[in-house]
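**Q** Chain order of the listed sequences is A and B.
Taking numbering that gives the first Met the number 0, the leading residue of the first sequence gets 0, the next gets one more, and so forth.
Taking numbering that gives the first Met the number 0, the leading residue of the second sequence gets 0, the next gets one more, and so forth.
One or more hints might be untrue.
To be verified - Taking CB as the label site, the calculated pair distances span:
| id | chain 1 | residue 1 | chain 2 | residue 2 | range |
| --- | --- | --- | --- | --- | --- |
| 1 | B | Val83 | A | Ser44 | 41 to 51 Å |
| 2 | B | Thr71 | A | Ala74 | 33 to 43 Å |
| 3 | B | Val75 | A | Ser177 | 43 to 53 Å |
Said to hold, decoys possible - Subject to a maximum C-alpha distance of 20 Å in a straight line, what follows is the list of computed EDC-like cross-link-like pairs (lysine to aspartate or glutamate):
| id | chain 1 | residue 1 | chain 2 | residue 2 |
| --- | --- | --- | --- | --- |
| 4 | B | Lys181 | A | Glu99 |
| 5 | B | Lys181 | A | Asp353 |
| 6 | A | Lys100 | B | Glu165 |
Calculated from the structure, these hints are not laboratory results.
Because the structure is a prediction, the values reported are computed rather than measured.
Here a beta-carbon is modelled for each residue, glycine too, at the ideal position from N, C-alpha and C.
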Amino acid sequence: MRDTTDKEPLLQIRGISKAFGSVMAVDNIDLDIREGEVFSLLGGSGSGKSTLLRMLAGFETPTSGQILLDGKDLADLPPHKRPVNMMFQSYALFPHMTVEKNVAYGLVEDRIPKSEIRDRVSEILDTVQMSEFAKRKPDQLSGGQRQRVALARSLVKMPRLLLLDEPLGALDKRLRESTQFELQRIQEKIGITFIIVTHDQEEAMSLSDRLAVMNQGRLMQIGSPTDVYENPHSRFVADFLGSCNVLDAEVTGESGSETRLRLLASGAETVLPYALDHPAGDKIQLVLRPEKLIVARREIDPGSSGTILKAEIAEIGYLGHRSILHLQMDDGTLFHAHEVSLNRRNRSPLQAGDKVNVTWDGSDVAVVSA
Amino acid sequence: MQRNLFLKTCFFLGVAFLYIPILVLITFSFNASDKVNVWAGFSLRWYRSLLDDPQILEAAQNSFVIAIVSATLATVLAMIASVVIVRFGPFRGRTLFTGMMSAPLIMPEVITGISLLLLFVAMQQLIGWPANRGFTTVVLAHATFCTAFAAVVLQARLRSLDSSLEEAAADLGSTPLRAFFKVTLPMMGPAMTSAWLLSFTLSLDDLVIASFTTGPNSTTLPMLIFSKVRLGVSPDVNALATLIIVGIGFAVTLSVAAARGPRENQE
Numbered sequence: 000m001r002d003t004t005d006k007e008p009l010l011q012i013r014g015i016s017k018a019f020g021s022v023m024a025v026d027n028i029d030l031d032i033r034e035g036e037v038f039s040l041l042g043g044s045g046s047g048k049s050t051l052l053r054m055l056a057g058f059e060t061p062t063s064g065q066i067l068l069d070g071k072d073l074a075d076l077p078p079h080k081r082p083v084n085m086m087f088q089s090y091a092l093f094p095h096m097t098v099e100k101n102v103a104y105g106l107v108e109d110r111i112p113k114s115e116i117r118d119r120v121s122e123i124l125d126t127v128q129m130s131e132f133a134k135r136k137p138d139q140l141s142g143g144q145r146q147r148v149a150l151a152r153s154l155v156k157m158p159r160l161l162l163l164d165e166p167l168g169a170l171d172k173r174l175r176e177s178t179q180f181e182l183q184r185i186q187e188k189i190g191i192t193f194i195i196v197t198h199d200q201e202e203a204m205s206l207s208d209r210l211a212v213m214n215q216g217r218l219m220q221i222g223s224p225t226d227v228y229e230n231p232h233s234r235f236v237a238d239f240l241g242s243c244n245v246l247d248a249e250v251t252g253e254s255g256s257e258t259r260l261r262l263l264a265s266g267a268e269t270v271l272p273y274a275l276d277h278p279a280g281d282k283i284q285l286v287l288r289p290e291k292l293i294v295a296r297r298e299i300d301p302g303s304s305g306t307i308l309k310a311e312i313a314e315i316g317y318l319g320h321r322s323i324l325h326l327q328m329d330d331g332t333l334f335h336a337h338e339v340s341l342n343r344r345n346r347s348p349l350q351a352g353d354k355v356n357v358t359w360d361g362s363d364v365a366v367v368s369a
Numbered sequence: 000m001q002r003n004l005f006l007k008t009c010f011f012l013g014v015a016f017l018y019i020p021i022l023v024l025i026t027f028s029f030n031a032s033d034k035v036n037v038w039a040g041f042s043l044r045w046y047r048s049l050l051d052d053p054q055i056l057e058a059a060q061n062s063f064v065i066a067i068v069s070a071t072l073a074t075v076l077a078m079i080a081s082v083v084i085v086r087f088g089p090f091r092g093r094t095l096f097t098g099m100m101s102a103p104l105i106m107p108e109v110i111t112g113i114s115l116l117l118l119f120v121a122m123q124q125l126i127g128w129p130a131n132r133g134f135t136t137v138v139l140a141h142a143t144f145c146t147a148f149a150a151v152v153l154q155a156r157l158r159s160l161d162s163s164l165e166e167a168a169a170d171l172g173s174t175p176l177r178a179f180f181k182v183t184l185p186m187m188g189p190a191m192t193s194a195w196l197l198s199f200t201l202s203l204d205d206l207v208i209a210s211f212t213t214g215p216n217s218t219t220l221p222m223l224i225f226s227k228v229r230l231g232v233s234p235d236v237n238a239l240a241t242l243i244i245v246g247i248g249f250a251v252t253l254s255v256a257a258a259r260g261p262r263e264n265q266e
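So here's chain A without its partners, still in its complex pose (with noise of 0.2 Å):
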């Protein structure tokens, strides 16, 4: 990951709502994108990440706030005088035009002589691999191709900011993966500052120098993947990237850098190696991600979270790369936790119906507000 914070932000997003009829698409919003960095919006339908892409690229009008791109307002200027490019999730390419004549359309349109709109054209077509397909229309390209045309197009006039809406959405599971590696690979090379808004999490995670989690027009965090992923502000957060056991807790103490807890529903006592600003008494939950859990038949030792909890393994899903394990707790709560195929043939997989030991290391335990 490219360290950015040094840099002036090149878009400052001041305050910025957008309300459709009584509805806020979009709530108040500060958020600053640094320059050369991949940025993410992340939230399900509806929550408002879309609007404020069509804000930036000028589609919508915001009902009040401020966008700066390098320091200028962009209040009045119409979408076809912004610094701004978008892919669009339908990627929009002209039928009726070549796949080099679509890439050509922008250059066209700001009068680039001739020469040098077909140097640029058949330099960024080289740069997408879609060079051989210069002469062809968008009906006789595959998903993926169009995809790369999409990008080519809204990258040959070297936008500031390049927006780009569910990138990976229209293509199949397998092609997702290859063209997002691609994806960074051509970011890396250009050096634009992408804006990425998506809905799913591994695209996001595995795209973004930063991300944002959206939920109903507000920003519920920001923060680099791991951040947002190992240390989630709110249940909200913790629950849209990836699975997670929330536990009921309370605190009963504190000593030094440690806290001392009671999870409410087996009344068993655990232990944060840190300090937490909750007094005792505090109701709080825990979070716990599935591949944190240590599961064994065996006798093990507590981790640094001093805490062993007994259950019975309900159900197994076998995934091939892991296996996840639905846990009937001893105390009536149901858990989830991930057990990595490591050996091709393991001795003594677990299996439905043993009884497991589940403990877990302090440290992995993510707190938020109850």
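Starting from the structure of chain A, add chain B where the hints point.
**A** Then chain B, alone, in the frame of chain A:
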């Protein structure tokens, strides 16, 4: 099996009901006899007499020129109206405008004709234009009611056209007007052809509105046929009608093909 037979019978009766009169007309246009309803052998004499009749040729020419000009006017106006209705978002009076656009579809032709006649007479008295009724007034009248029909076709197509194409054009630096001419219009081509042919056929076909709004020296083909029939049916009208049926059939086929063309290309 029995149900199948019943369906087939219904189908053939229906088709017969619709097309036997036309077949009779076409058949008798090749009749050698002077009497309309007595078959006396095959002949092309009525087609020949048609070509020798300067009145008919003039009326045919009038009809064609009027149809071409008014169809063109109607298509352009309908295109502008459709863009306003479909793409300009909600504005004050949009529902009213949409309704008024399609009102001529259900308006009785007699009323359209009379109201246009009154308008032209009033305009002539007030501003002296149009000086007399004839070619210009018929074209204006036909363009008016054809616009409503053309707008139906064009609105439907424009609605199904992905608006992100126009947004993409704007995003890549096109002003709204350039985006319209470079992206929207080429994609609307087949629908516009279809709308034009529909308007052309409607104009060629119209008797009522033309009768109200025309003047001397601008008799259209349907008007001529109607006046001929009133003096007693003469067999050359059969020949003329046959030619019109063939012509309109051709135009309708073209129009259907134009409307279907782009969808087949997409697959």
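**Q** Now look at each hint and say whether the structure bears it out.
**A** Comparing the hints with the structure gives:
1. At roughly 31 Å, the beta carbons of valine 83/B and serine 44/A sit outside the given window of 41 to 51 Å.
2. The hint said 33 to 43 Å for the Cβ distance between threonine 71/B and alanine 74/A, and at roughly 42 Å that hint holds.
3. In this structure the supplied range 43 to 53 Å holds for valine 75/B paired with serine 177/A, their Cβ-Cβ distance being about 49 Å.
4. About 15 Å separates the Cα atoms of lysine 181/B and glutamate 99/A, which keeps this hinted pair within 20 Å; it holds.
5. Between lysine 181/B and aspartate 353/A, the direct Cα distance comes to roughly 68 Å. Violation of the 20 Å bound is thereby established for this hinted pair.
6. Restraint check: the Cα-Cα separation between lysine 100/A and glutamate 165/B comes to about 16 Å, which is no more than 20 Å; the hinted pair holds.
Checked against the numbered hints above, the structure breaks hints 1, 5 and satisfies the rest.
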